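The opening position of the sequence shown corresponds to residue 54 in this note's numbering, with each subsequent residue numbered one higher.
In case anyone wonders, no lab produced these hints; they're calculated from the structure. Any given hint could turn out to be false.
Using C-beta positions, here's what the derived DEER-type ranges look like [to be verified]:
(1) HIS76 with LYS168: 16 to 22 Å
(2) PRO98 with PRO169: 28 to 34 Å
(3) ARG110 with GLY78: 30 to 36 Å
(4) ARG72 with THR122: 18 to 24 Å
This structure is a prediction, so every number in the text was calculated from the model and none was measured. Glycine included, C-beta positions come from ideal geometry on N, C-alpha and C.
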Amino acid sequence: MASIVVVDDEADVGDAIRRVLEHSGFEVRAVNDAEAGLRAIEERPPDIVVTDVIMPRMNGLELVKILRTRFPRVRVIAISGGGSLGIQTYKPDAISTHAYLAAVREVGAQEILTKPFDMDELLAAVRRQLPN
54 MASIVVVDDE ADVGDAIRRV LEHSGFEVRA VNDAEAGLRA IEERPPDIVV TDVIMPRMNG
114 LELVKILRTR FPRVRVIAIS GGGSLGIQTY KPDAISTHAY LAAVREVGAQ EILTKPFDMD
174 ELLAAVRRQL PN
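Turn these sequences into a full structure, and let the hints guide you.
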């Protein structure tokens with residue numbers, strides 16, 4: 054059974070993702086911030102990390118950079134709100150969500166999903182990232 058860590062600062066979103074993935078047969082640990090996600094990953098590295106990218110304190114871009122360095126085999130699916138919303142709440146310079154997601158892909162996320170997304174789309178992304 055593949056293991057997944059879900060990192061999303063919106064507890065209801067993380068919980069919904071966790072329930073769908075568990076219902077599909079995956080072992081899932083869900084946490085509400087990147088620091089807790091990193092601790093969970095260090096404790097027991099998963100096959101896949103599903104992470105929001107726009108979060109307070111450590112954001113998803115920073116988390117993906119750490120994962121690529123310390124856990125290069127862990128697959129990353131990055132999720133975030135869509136459109137051209139500024140992220141000045143979490144970054145000193147407001148950039149578009151599109152540009153931020155491009156940066157996340159550049160540092161090593163294998164998949165990018167934009168909220169709102171269909172859970173079938175998430176499951177398809179997870180299945181594409183499963184180890185053979």
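Against the structure, the hints:
The supplied range of 16 to 22 Å is met by HIS76 and LYS168, whose beta-carbon atoms lie about 20 Å from each other. Evaluation of the 28 to 34 Å hint for PRO98 and PRO169 yields a pass: the beta carbon distance comes to about 29 Å. Range check, ARG110 to GLY78: about 32 Å between beta-carbon atoms, so the 30 to 36 Å window is met. For ARG72 and THR122, the Cβ-Cβ distance of about 31 Å falls outside the hinted range of 18 to 24 Å, so the restraint is violated.
Figure legend: structure checked against the earlier numbered hints; the only hint not met is number 4.
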